[in-house]
Structure formats: C-alpha cells, structure tokens
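So the sequences go chain by chain: A and B. Quick note: the first sequence uses my numbering, first residue 1, plus one each step. Quick note: the second sequence uses my numbering, first residue 1001, plus one each step.
FYI, nobody ran anything at the bench for these hints, they're computed from the structure. There may be inaccurate statements among the hints.
Claimed, not checked - Among chain A residues calculated to face chain B with C-beta under 10 Å, some are:
1. T23
2. S65
3. Y154
4. L193
5. T197
Backbone N, C-alpha and C define an ideal beta-carbon position, used for all residues, glycine too.
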Amino acid sequence: MASKPFHKILGWAGTYITWIVATILVLFPIYWMFVISARSRVELFGSTSIIQTTFFAENYTKPLSNPVFQRYMLNSLIVATSNAILVAVLALLATYALSRWRLKGSDSIFFWTITNRMAPPAAFLLPIFLMFTRVFRIGDFSLFDTRTGLILLYCVFNLPFAIWLMKGIMDGIPVELDEAAFVDGASTWDVLLKIITPLAAPGLAITAILSWVFAWNEYLFAATLTSVEARTITTGLAEFVTVTGTNWGEMAAVAVLSLIPALIFLSLVQKYIVMGLTFGAVKE
Amino acid sequence: MKSTRTGWGLLTPTLIILGITGILPFIYVIYVGFFDWNVFAAQKGLHFTWANNYRRLVFDPDFLGALWRTLLFTFWTVTSELILGFALAQSLTREFPGKGFFRTVHALPLMVAPIAVGATWRLLTIPGLGLLPTYLNWWFGIDYRIGNFANQAFLTVILMDIWHWTPFVTLTLLAGLTTIPKEPLEQALVDGANRWQVFRYLTIPMMMPVILTTVFIRIMDALRIVDEVWMLTGGGPGDATRFIGLHIWRVVFPKTDYGYGSATSLLTLYFTLVLCWLLFIAIGQNSKQGNSS
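With the hints as constraints, model all of the structure from the sequences given.
This is the structure:
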C-alpha cells in the first residue's frame, strides 16, 4: 500500500514537468515579441540575451503618434465593431426563423452556410476583388478600399459560425415561452425583442465578441481589397516588413498593440472559445 | 399566427448578404474561369476559351506543387497536433493544483492574430536578431537559416502551426473527455483491463465524434493557411512554403490573368470542398454507428 502515494507523486511530477515545459514553449515566442518591442535598433542586433531590463518607449510612441497608423487602428475598430453588430443582429433574426418556423429548404440553408466557412478564403479572393473593383461599380464609387466593403465581406466568414452557434442557443429557449406570449396577443416583433433577445443575450454577446476578434485579426482580404483609405491594423503590421529593411522593434510594438484588444475581449469569453471555434459542435 | 412569410422575412437579410458575398462570387468565378481575360493583354476584354484554362491547370507544376505541399503540411500539422493535444488533454482530466492557470495560459496562442503569429515567429528566426539561429548554432552547431534552407523553412512553418493550434485541439478534446462517462472506464480497470486497453478500446471509441469534429475543423483551417506563412517566410525560400492560398494570392493574382486565376481558385475550392465533405460523411457514419450499437 505504501507504493500507492509514491506512484501518485510520480504521476504528479510527470504532469507538472509536462505542463511547465508546455507553458514555457507557449509563452516564450510572445515573451520574445515583448522583448524585441522594448529594444532600440542598436540593442536589437547587438544582444542575444533573453532578458531585457531597459524599455525603449519610442517603438510604441512613434507608431501611436503617426496619423497613418492611427487611421489603421480606427479602421480596424470601425470594421470589427460594425461587423460584430451586423453579424449578431442577422444571426439573431436568422436563427429565430430557422428554429421556430418549418421553412422549406431551411436545412439546406443551414448546411450551405457551413460550406461558406469550409471554402478557403484565397479561392474567393479573385472573384471578390473583381466584383469589388468592376462589378459593383456606380460611377466613381466602388466597394474597393472602403470600410463598408470589408464589413459586408467579413459576414461571409462570421455569419456561418454565428448561425451555427446561435441555432443551438435558440433551440434551447423553450417554444412555450413564445407561444404563451402569442396567446396574449404579442406580435412576432414583440416576442423577438422582449422574450427571445434577453434570453439569448449571453449567446449573442459571445457571438459578437468572437466575430469582433475574427474581423480584427483578418488579414488576407484586408490586404487585397484596400489600398489606402480602409487599411486595417493587420495590413499595417505586414507593411513593416519591407525589402529595404524592417524596423523590427516598431513592428513588434505594433504586434503587441494589435494583440491587446483581442486579448481583452477573448479573456471575457475564455470559457466559450472552444464552443465558438467548433461552431457549437463541442461544448465545455 | 405563424405565417411562413414572417419566417422568410427574418431570414432574408442573411440570405442577401451571404448571397452577395458567398454565392455571387462563386457563380462569377465559374463564369470567368471559361474565359481568357488579362487586363494587360494585347486583346482587351473576355474571350471564351472553353476549358482551356483547366487544361493548362492540370499540367501546371506550380499549382500541383502548391497543392501537394498543402496536403503534406496539413497531414503533418494535424497529426502532430492531434497526438500532442490528446496527451495534454488527457493529463488535464486529473485534478492538480495550478491546473486552471496552465489551461488558461495554454489557450493564449489561440487569441493571437494569424498575422501576429507569423510576426512573432519571424522575430524568433531572423538571423542575428532571433534566438533560434543564435542558440541552435551555439548549442548544437546547426546552421539555421530559414531564408536559405527549404527543409528548415517547411519544418519551422509546421512548428509554428503546432504552436498556434495545439491549444485548440487540447481544449476541444478536453471538453470531450470530461463528458464521456467515467463508470465504464473504472469498471474495466476493476475487471482487469490495463490502462492501454481501456484507452484503446473504450476512451478512443467514445471520443471518436469529438476527435473527428476536431480533425475536420483543423484540416479545414490548415488547408487555408496564408497569413502566418506569408509573414514568416513569404512562401520561400523558392517555393518551399508556398501553399495553395499563397500561390493564388502571390503568384496567380499579380499576373492579372483573371481567367486562369479563376480556374485555379475554382479547382482549389473544389478540392477543399470534396475533402471536407468526405470527412463530413465520415463523421456522419461514425455517429450513425454509435447510435445503432
């Protein structure tokens, strides 16, 4: 019997060693980014130390006071926020319809949305670029290089996941609640606003936050479909890498800055990240 | 009280937006794929060329190379992530002090934007500035330069993806592991089965739906990788890490050969969807078996 505690201690030690190593491996690249962001140009290539004691604030203040960078930041904020609100509202309406009505072909619609998510974005790059620059063109106005274009476009990735996530939540709200309200003479609109929305609010918040983060993090389309006016922070980050030499310190600082909002938002919904990333297929 | 008109009315805005951003481009890409269209060509406008673009495409070594590279990348990353993630998830089923902390920190890479993941790894791997080249050289004498050596670049991209996405696999598998019933496992142990047998014949079959869902989502995302690789290696050296997304974006796109580009996009889309649907069917069959037995 004396061997049992010993066995247990050994198991614990193994678990701890595994997790300490895993944690170091996970944290190190992010830590290194912070270190680089705190180094001046001279320090960067002179030092191979992994410890940083000084802080070179110019890496942060220079991009922050740069109007171009400020515009990128603002664009990202506007695009991500508008997209999150749009996606949440549309998903609320759509899943309410899908959950409460027996609509012909609604199953196919449900599965079609997931097909949109499976498709590699790069395959849509060319047709969407052509549509934005050539097809949807009224005089001088086109969707190319506009925030509206990006806001609409990000729906193609965010709506499918939002619909899958919200459908599960909507199905969980008892139908008896709406039926009782209908008997009392409420309209569909009343039911949706006064009964469904408050009950679905936590799910809606999760959906909106995850959509926000996806939109904030998106790069490929933002880089292709904008040129000057509507560039976002992720494209700004990539622009630091140039042929003529990169200011790595500033790039690291911008990467850190771009990380912060996503980190804050995601820590709020930490418990639901898995649900969000698997479209509600896996719940915690 | 409940007319279908209202139902469709609620669904309409979603259908319109997904139609504009999802279906219209799809139809458009099919259409343009049958044409010869290059904005800088001598003859302007679209010229119908039947399936010429596709005929060129199936013999295009760049396209096929990128496709094959993407499949290799997907295979190695998803396999490694599944094994690592399963081991980590299994170790998290036990209670131990500090578990919550480790779990939270472990999820951190999931929150980083793909482009920032690429930037982070770039900072680790630049010669003279990053730590990897310096320390690998000091400790092991390895000449590590992902700008020059194709194999190292490919391996680094795989490692980066493992760093980025293993937490996702861990968390989904953990969610699955916590929901499977404990009694059969304990009963089997009492009946004299060893830990490996329990794992192989009870845990794995019970976890199959979650494993398949996880693998499905991971394959889907691995096939579409662009941002991280673009930031880390730019697809180089040569074409060593030029996956299909990068191929379309950086090689086909700038040539403004829109007809050929559309054909490439469509064929890529087709391959991905076929692969995804095969997996989807596999998941469906697995759950059917689970229900009948």
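Quiz item: Are there hints from earlier that the structure breaks, and if so, what are their numbers?
Solution: Violated hints (numbers, rising): 2, 4, 5; every other hint is consistent with the structure.
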